[in-house]
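> Build the full structure now, drawing on both the sequences and the hints.
Residues per chain, in single letters:
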Amino acid sequence: DTEVTQTPKHLVMGMTNKKSLKCEQHMGHRAMYWYKQKAKKPPELMFVYSYEKLSINESVPSRFSPECPNSSLLNLHLHALQPEDSALYLCASSQDQGGIETQYFGPGTRLLVL
Amino acid sequence: GQQLNQSPQSMFIQEGEDVSMNCTSSSIFNTWLWYKQDPGEGPVLLIALYKAGELTSNGRLTAQFGITRKDSFLNISASIPSDVGIYFCAGRSYNTDKLIFGTGTRLQVFP
Numbered sequence: 001d002t003e004v005t006q007t008p009k010h011l012v013m014g015m016t017n018k019k020s021l022k023c024e025q026h027m028g029h030r031a032m033y034w035y036k037q038k039a040k041k042p043p044e045l046m047f048v049y050s051y052e053k054l055s056i057n058e059s060v061p062s063r064f065s066p067e068c069p070n071s072s073l074l075n076l077h078l079h080a081l082q083p084e085d086s087a088l089y090l091c092a093s094s095q096d097q098g099g100i101e102t103q104y105f106g107p108g109t110r111l112l113v114l
Numbered sequence: 001g002q003q004l005n006q007s008p009q010s011m012f013i014q015e016g017e018d019v020s021m022n023c024t025s026s027s028i029f030n031t032w033l034w035y036k037q038d039p040g041e042g043p044v045l046l047i048a049l050y051k052a053g054e055l056t057s058n059g060r061l062t063a064q065f066g067i068t069r070k071d072s073f074l075n076i077s078a079s080i081p082s083d084v085g086i087y088f089c090a091g092r093s094y095n096t097d098k099l100i101f102g103t104g105t106r107l108q109v110f111p
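Chains as they are written, first to last, in my numbering: chain Z, 1 to 114; chain L, 1 to 111.
Hint data in this document are derived by calculation from the structure and do not stem from the laboratory. Careful, some of the hints might be misleading.
Quick list of in silico lysine-lysine cross-link-like pairs, BS3-like style, CA-CA up to 25 Å [claimed, not checked]:
#1 Z:53 x L:98
#2 Z:38 x Z:9
#3 Z:36 x Z:53
#4 L:98 x Z:22
#5 L:51 x Z:40
#6 L:98 x Z:38
#7 Z:41 x L:70
#8 Z:22 x Z:36
#9 Z:53 x Z:40
#10 Z:36 x L:98
#11 Z:41 x Z:53
#12 Z:9 x Z:19
#13 Z:9 x Z:22
#14 Z:9 x Z:41
#15 Z:9 x Z:36
#16 Z:19 x L:70
#17 Z:40 x Z:22
#18 Z:19 x Z:53
#19 Z:40 x Z:9
Computed far set for chain L versus chain Z, every beta-carbon distance over 12 Å [claimed, not checked]:
#20 9
#21 11
#22 19
#23 24
#24 27
#25 37
#26 38
#27 41
#28 44
#29 57
#30 60
#31 61
#32 70
All C-beta atoms in this analysis are idealised placements derived from N, C-alpha and C, irrespective of residue type, glycine included.
Spelled out as structure tokens, the structure:
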């Protein structure tokens, strides 16, 4: 089983709203990732968690706040977003960070900020 | 951020034709991955390559890890309509823990 699940599938929010994206995997993977993807572009890395600790933050604005409650769950808390933050947000996981590990992606959350 | 050079950018082919696409990097990679992405969905892993010179198949798909460690190729034989989508290569180099993605190849298959 190489499944990564994400909820919700779609999300529309205003610029003053607070919302959260959720990601879950039950493959025993110890590294989890958040990516942002704009239309017709490759995914852009936002955050990496390794063994439930934040290991990489790609200079993401503070209106995006990641959280890793346990080794199976990864959240992305959203607050005061801008319309340009509208995108497909992808979660991924891998056995471990570094080495030759393969990343498996979830189906994504399509976010629209009005 | 850093991206790999992936070509061609798009392909329009007839059903039954073979397809080739490639990715090149200025730095050496120790892993090459090939993903396919349908509109509004997440990338799905097609093939993973871990050794220079490695040639791996997955059904009608064949990918190779270039011997220089700076490139990779993906071939699709006898294309069918469900092959339509965007194909991304991704590589991981020795001096980073991040996956670097190619710019993508958009494939259209006509019946």
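> Taking 25 Å as the top limit, are the C-alpha atoms of residue 98 (chain L) and residue 38 (chain Z) close enough?
holds (19 Å)
> For the pair supplied as a hint, residue 19 (chain Z) and residue 53 (chain Z), confirm whether the alpha-carbon distance does not exceed 25 Å.
holds (22 Å)
> Taken at face value, is the distance from the CA of residue 9 (chain Z) to the CA of residue 38 (chain Z) at most 25 Å?
holds (16 Å)
> Take a quick look at whether residue 51 (chain L) and residue 40 (chain Z) sit within 25 Å of each other, Cα to Cα.
violated (30 Å)
> Are residue 40 (chain Z) and residue 9 (chain Z) close enough, with their CA atoms no more than 25 Å apart?
Answer holds: residue 40 (chain Z) to residue 9 (chain Z) is near 19 Å, not above 25 Å.
> Checking the smallest CB distance to chain Z, is residue 60 (chain L) really beyond 12 Å?
The assertion about residue 60 (chain L) holds, with a minimum of 20 Å to chain Z.
> Would the hint linking residue 36 (chain Z) and residue 98 (chain L) be met if the CA-CA limit is 25 Å?
holds (14 Å)
> Does the claim that residue 61 (chain L) lies outside the interface with chain Z hold up, using a Cβ gap greater than 12 Å?
holds (16 Å)
> Just to be careful, I want the Cα atoms of residue 40 (chain Z) and residue 22 (chain Z) compared with a cutoff of 25 Å; is the pair within it?
holds (24 Å)
> Is the Cβ of residue 37 (chain L) farther than 12 Å from every Cβ of chain Z?
violated (9 Å)
> Would the least Cβ to Cβ distance between residue 41 (chain L) and chain Z come out above 12 Å?
violated (5 Å)
> Is residue 27 (chain L) truly not at the interface, in the sense that its beta carbon sits beyond 12 Å from all beta carbons of chain Z?
Holds, because the least Cβ-Cβ distance between residue 27 (chain L) and chain Z comes to about 16 Å, which exceeds 12 Å.
The structure fails to meet hints 5, 9, 11, 16, 20, 25, 26, 27 and 28 from the earlier list, while all remaining hints are met.
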